[in-house]
Amino acid sequence: MVLKGTVHKYNRPNIDTDVIIPGPYLKIHDHDELAKHAMEGLDPDFTTKVSKGDFLLVGHNFGCGSSREHAPIALSKTGIKAILSPSFARIFYRNSIDGGYLLPIEIEENILEKIDDKDEIEINLDKNSILNVTKKESYPIKPFSKIISDIIEAGGLFNYKIS
Amino acid sequence: MTLTEKILSHSSNSKTVTPGDIIFSNVDKVMMHDVSGPGVIKVFKELEKKGYQLEKLWDPDRVWISEDHFVPASDRISADNVIQLTKWAQKYGIKKHFKYGMGQYGICHTISHEEGLVLPGEVYVGGDSHTNTTGAIGAFSAGLGHTDIAYVLKHGKIWFKVPETMLFRVTGKKPDYIMAKDIILNIISDIGTDGANYRAMQFGGSVVDGLEMEERFTLTNMTTEAGAKNGIIEPDNTTVEYLRSRLGRINFNLIKGDPDAEFSEVFDYDCEKMEPSVAKPYSPENVVPVREVQGTEIDKAYIGSCTGAKLSDLRSAAKILDGKKVKVRTEVLPAAQSIYMKAIKEGLVTIFMESGAVIGPPTCGACCGAHMGVLGKDEICASTTNRNFPGRMGDVTSKTYLASPMVVAASAITGKLTDPRDL
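Going down the list, the sequences are from chains A and B. Letter by letter, the first sequence follows residues 1 to 163 of the working numbering. Letter by letter, the second sequence follows residues 1001 to 1423 of the working numbering.
Treat the hints with caution; some may be incorrect.
Straight line, CA to CA, 20 Å or less: simulated SDA-like cross-link-like pairs of lysine to any residue [unchecked claim]:
1) K142(A) with I1022(B)
2) K77(A) with F1044(B)
3) K77(A) with E1046(B)
4) K146(A) with K1161(B)
5) K1045(B) with D32(A)
6) K1050(B) with G156(A)
7) K1161(B) with G100(A)
8) K1161(B) with Y160(A)
9) K1280(B) with G1376(B)
10) K1157(B) with G155(A)
11) K1157(B) with N1026(B)
12) K1161(B) with P86(A)
13) K1342(B) with E1212(B)
14) K1050(B) with Y160(A)
15) K1157(B) with N159(A)
16) K1157(B) with A154(A)
17) K1157(B) with I152(A)
18) K1042(B) with G100(A)
19) K146(A) with F1024(B)
20) K1045(B) with G156(A)
21) K1154(B) with G100(A)
22) K1042(B) with P24(A)
23) K1042(B) with G156(A)
24) K1377(B) with P24(A)
25) K1049(B) with G155(A)
26) K146(A) with I107(A)
27) K1377(B) with L42(A)
28) K1056(B) with N159(A)
29) K1042(B) with H31(A)
What the hints contain is simulated information worked out from the structure, not anything from laboratory work. Nothing here was measured: the structure is a model prediction, and the numbers come from that model.
Sequences are here, hints too, so could you generate the full structure?
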């Protein structure tokens, strides 16, 4: 699978779920409505910058804090397809995969500096690599473990069980 | 094997498990609240659109619901969420529903131990990140999202990566005015908010052995803030007596780790050297002794939440507030109705009210900036809660200092961050 899109870079660690989707919106379960508030705590203009199929590039421990599935839902509904980070908080990571919303892709810390905001990149999940189209460079990504790639392929945890 | 590994080996019908193994584990108990419950229902609704029908739950008797985040209803949406959740629970035969305004109710994590709903050795998952709290009972307790909870409700099992276990040994003589909150804030300060990512945090040592159960829950509750999959304490007589006081005389399966269990790391703490501490904005790892920031003016003192409003927390705060007047607005919200009742009977509520504080019903509202005490622009709060992320308790410019109930009570009296030893 090859994904192509624009990078939106927020180079800071520990971007938490309260920033991704603040507490007052937790009562909302309409996915499109949630998306209007994605990343509101960090960048109020976030939703106007993102197009379908784009990527987030963020510092380590992305998604720390709450177990709210609203966080990956809101991000995916803005159009974000994958998030690149040196590490993810545990519950955010599995929510992204099990709900089939978006791909949390682990990269080495130093790659964070090599990709800039608005770079065009291609993520090749078969080769576990990123091609930076803008800079004509490529970088490795950490492969998904077997169960994770199986769940991704199935389209989420419920489909995984059924298959 | 460590206690966490042992529980997961039993629950996955394996003779042994090793950290890193992916297992499908049977689940003993599952919880959802008025935020995760409607989210779970939404998962099933989305699946219905694809032709999937939920006919029945795996075992409704192993499921409970707490209304806690937006009760009393903050607006029409939250009121409708509770109605929807109630109807759904009735349809699928869930009887343990702790409803706001109907006797026992309160914050889900407090209810889980206050009602003795989780036993040592069990696998317990909840639709809230602080589900780790109940690990102090000696259970494997972990928070999950809506899809995972939905999966457990249908199949009674879920996948886990077996975590490595970090051991935190706390020894020495525990000084007066040092609470479990100070201990865990110091630990998070050392390892960082991702210091236990994908791992279990186990606590032991003479100080932990000597802590009452409610203080132990503060340790495990806050493991979430270090990114841990679960927090855990081996069960002992204190655990047994706590559960017996709630469930009557029953025999418990006191599963413990092997004597030769391998921990990924061992950390030793001398409690004697600890000082009353605060986590400064905007991270629970941003910890300093209160005396370093003593004098920082506050607008509000908040004594509430699953980590800071258990009966022992209220007793500690009342001891400081007794006979004094608060200088800033102070809100006390007992974590469960049963705790509220005990606080009334012990005279704690009178102490709080005479000090000038407001006593509110159990709710998570203010802790997550939802309602019942939200912070405004640039406001500063000393709080017994567990998170101080930007905007956590209200406006994104507001600031929360996390601390023990004693530190927050002392700060309420002076209107400034205050070490209770200096009062």
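Hint consistency between K1042(B) and G100(A) [alpha-carbon to alpha-carbon, up to 20 Å]: The hint holds at about 14 Å.
Tell me if the straight-line CA distance from K1049(B) to G155(A) falls inside 20 Å. holds (15 Å)
Does I152(A) lie within 20 Å of K1157(B) when you go C-alpha to C-alpha? This hinted pair holds, its Cα atoms lying about 19 Å apart.
Pairwise hint evaluation, G1376(B) against K1280(B), where the allowed Cα distance is 20 Å at most: holds (18 Å)
Hint check: K1042(B) vs G156(A), CA-CA at most 20 Å. Holds or violated? holds (15 Å)
Just to be careful, I want the Cα atoms of K1157(B) and G155(A) compared with a cutoff of 20 Å; is the pair within it? holds (19 Å)
Would the hint linking K1154(B) and G100(A) be met if the CA-CA limit is 20 Å? Answer holds: K1154(B) to G100(A) is near 18 Å, not above 20 Å.
Would you mind confirming whether the straight-line C-alpha gap from K77(A) to F1044(B) stays at or under 20 Å? Within the cut-off at roughly 18 Å; holds.
Taking 20 Å as the top limit, are the C-alpha atoms of K1042(B) and P24(A) close enough? holds (18 Å)
Hinted pair, alpha-carbon criterion (20 Å max): K1045(B), G156(A). Please report holds or violated. holds (15 Å)
Just to be careful, I want the Cα atoms of K146(A) and I107(A) compared with a cutoff of 20 Å; is the pair within it? Roughly 18 Å between the alpha carbons, so the hint for K146(A) and I107(A) holds.
Within 20 Å, alpha carbon to alpha carbon, are K1157(B) and N1026(B)? holds (4 Å)
Hint compliance for this structure: every hint is met.
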